[in-house]
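The listed protein sequences correspond, in order, to chains A and B. The numbering used here numbers the first residue of the first sequence as 1 and each following residue consecutively. The numbering used here numbers the first residue of the second sequence as 1001 and each following residue consecutively.
The set of hints was computed from the structure by calculation and includes no laboratory data. Since we're looking at a predicted model, the values are computed, not measured. Just to be clear, a hint being listed does not mean it is correct.
Quick list of the computed label-pair ranges, beta carbon to beta carbon [unchecked claim]:
| # | chain 1 | residue 1 | chain 2 | residue 2 | range |
| --- | --- | --- | --- | --- | --- |
| 1 | A | Thr125 | B | Phe1046 | 21 to 29 Å |
| 2 | A | Gln146 | B | Glu1331 | 46 to 54 Å |
| 3 | A | Ala72 | B | Gln1265 | 50 to 58 Å |
Which residues of chain B face chain A? A partial, calculated answer using Cβ under 8 Å [said to hold, decoys possible]:
| # | residue |
| --- | --- |
| 4 | Leu1111 |
| 5 | Ala1131 |
| 6 | Ala1146 |
Note that beta-carbon positions come from the ideal geometry of N, C-alpha and C, so glycine has one too.
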Amino acid sequence: MASITPTTIIGVGSPAGDDRLGWEVIARLQQRLPAQLNVELIALDRPGSGLIPLLQGSDGCWLIDAIATTGAPGRHLQPDLSELAQVGAPVSGSHGFGVAESLQLAATLGVLPAHLELHCVTIGTANLLGEQLSPAVDAGVDGLVQRFYQRLVQSVDHTATFKGGVGSTGSVGSPDRS
Amino acid sequence: MSDTRRIRIDVPALTRVEGEGSLKLRIEEGRIEQLQLSIFEPPRYFEKFLEGRSWREVPDIVARICGICPVAYQMSAVQALEQAFGVTPSPWVQRMRRLFYCGEWLQSHALHIHLLALPDYLGFDSAIAMAQDYPEAVQRGLRLQALGNDLIRLFGGRSVHPVGARVGGFHHAPAADRVAALIPRLEAARQDAFELTQWCAGLPMPEDSETFISVALRHPDDYALCSGRLMSSSGLSLSADEWDQHFREFHAPHSTALWALLDEQPYLVGPLARLNLNSDHLPPPVADSLARTGIRFPSSNMFHSMLARALEIELALHDALALCREYHLPERSHEPVTPKAGVGYGMTEAPRGLLWHRYETDDDGCIRSARIVPPTSQNQARIEQNLAASLKRFGLEHDDDALRLHCEKVIRNYDPCISCATHFLTLDVTR
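Make the full structure from the sequences, and use the hints.
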C-alpha cells in the first residue's frame, strides 16, 4: 500500500543540544523540498498541549522528535504511542506535557489525524547543551531528511520500514534497519 | 485510627506544576511536626546572566525564564528599563501590551484549569484520564489555550519565548487583517469562557477559609494588569520603587528559590489576590457572570483561585476583543530610546501573580544589576502556611493517600511555576 502524502510535517525540538534535531529536519527540508510541494513545514519549541490544535487541522502529519535511549545515537525509529509514552522525551514540554502526553490526549479526544507517522531519532546524554548536533545525530538527521525527500519528491515508498506508528498507513515488509 | 500514629509523607517530585519541587510532611501524635515545600530546581542565575548585557537583549533573555509566562517577564522588564531611560510608551503601545498580556493570561489560565487543576476536582490523576469522561471540557480548554497562544504570536512572532517586545514598544505592528481575523474567534470564545466560569463555580470545592494577605496591582480605571500601584489587603499602597520598604527576600534552607515576606508575613499573589482587590473593576459582562455564580469576592477560600482564573479568562477575552476592534496601524510601533545610566522598576501581573523587576544601567544602557522577584517565590511561604492550616481542617486522621492528594490539591491550586514534572514517585509512610 502506498503511503499517504502528509499535509504537515512538524519537527519538535528545543535549543538544547541534540534535542534540536526536530528543527534541523524542518530546516533541511525547507532547503531541499521544491516550493510547489504542498506540505506545511513547522518547527515547534516544546509545544506541550499546543501541539493538539495543529494535529487537529491536518489530514496527514509526520511528526519528528528526539527520543532518549541508552543505545547508539542517530538511529531512526518509528515508535507507536505506547512505546513513546514509556520512553519519554529527553526534554519535557511545559508542566510535563510533552509530545507523548499530547498525543495520548489527542487520541483520547479522537482528534488525531487520520494519517499520523511518528519519526524519532535517538539521542544520548553526551550533547544536551551544545548549539550543534553531535556527528551521529547529524548523520541520522541527514538520513531521515533523505528518506523524506525520496518519499515526497521521488515517490519512493518507504512504508516497508514502518513498525507501527500511530494511525499511520501501511505496515508491510521488514522492520526499520536504518 | 488513633492520633498517636506517626506519618511521614515524602513527595519527591510534585506533578502538574511547572518546576521541580517536593513536599515533606511528618505528623506525630496528631500534630504536624514537619511540613516543607522544597524547591530543588537548581538556581538559574538569570539575574547574573543579565549583568553586562545590553538593554536591547533584556526582553529576549528574560523571556527564557518561563515557557508559560514569558510575556510577563518581558513586560515587567521593558517597563523598568523605560523608567530608567525616561521613555514613555505611546498610548497605542500601552493598549497593545495589554492585548499581548491578555493572550498570556488566556493560555496560561486555560492550561492550568483544564489540564492541571481540574483532574483534582473530578477525581482523575491526569487530564488524559479526565478527557475520556469530559472530552468537551478538555476541548474547550485547548481552544481557549490556542486562542491565547495566537494572541501572543500576533505581537511576539511565536507563542513560546516571543521575540516581538522591545523597550519602547514592539519591533513590528501586526497587520490589521491579522488582528481582524481574531475577532470572530474571540467573540465565539466568550461563550466558552462564560460556561467555564459557571462550571467552575459548580464544582465541589472544599470549604477552606482562612485569613491571609492579598497583594496585587490596582489601577484606578481598570482591572490592573500591567500598570497601577501595588496594593495589599492589609492597607498598603506602594509604587514599585518602594518595594524594599515592606518586602524582604531571604533564603530558606530547604529551597533553592528565594522566599519573600511582606512586613514579615506570608502573603498571596495571583488570581485570587487580584480578584480580592479588584473585583469592583470587572467589566459589566464579567461582573454579571460572577454574580450568577452566587460567590462573593473578596473570598477567603483559597480554592476559589480556580474560579478567579476562569473569571480572568472572561476578562482577558472581553478586553482583547475591545482592543482588537479598535486596532489600527500606528505611525510607529515603538518610541525612540536613548539609553542612559539610571535605575528603573517594573511590576506587572503575571498569570500567577505580581512580578517585580529592578534594573540599574550604565551610560550605554548595559545592565549593572538586575533583581527579579517572581510570583511563585512570593507564594512559597503562603503555600506552607496554607498547607498546615488546610491539612488540620481536612483532618490528619485521613489515610496517607487522602492526605497526599489534599496536599497536592492545595499546592497545585497556586499554579506554582517551578518548572518540569515527573510523577509522584514514592510515598514513604512511617507509622
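Structure-based check of each hint:
1. The beta-carbon spacing between A/Thr125 and B/Phe1046, approximately 25 Å, falls within the hinted interval of 21 to 29 Å.
2. For A/Gln146 and B/Glu1331, the hinted distance range of 46 to 54 Å is satisfied, since their beta carbons lie about 50 Å from each other.
3. Here the CB-CB span from A/Ala72 to B/Gln1265 is close to 56 Å, well matched to the stated 50 to 58 Å.
4. Taken as an interface hint, B/Leu1111 checks out: its beta carbon lies about 7 Å from the nearest beta carbon of chain A, inside 8 Å.
5. Because the smallest distance between the Cβ of B/Ala1131 and any Cβ of chain A comes to about 4 Å, under 8 Å, the interface hint for this residue holds.
6. Proximity of B/Ala1146 to chain A holds as hinted, the smallest CB-CB distance being about 4 Å (cut-off 8 Å).
Taken one by one, the earlier hints all hold for this structure without exception.
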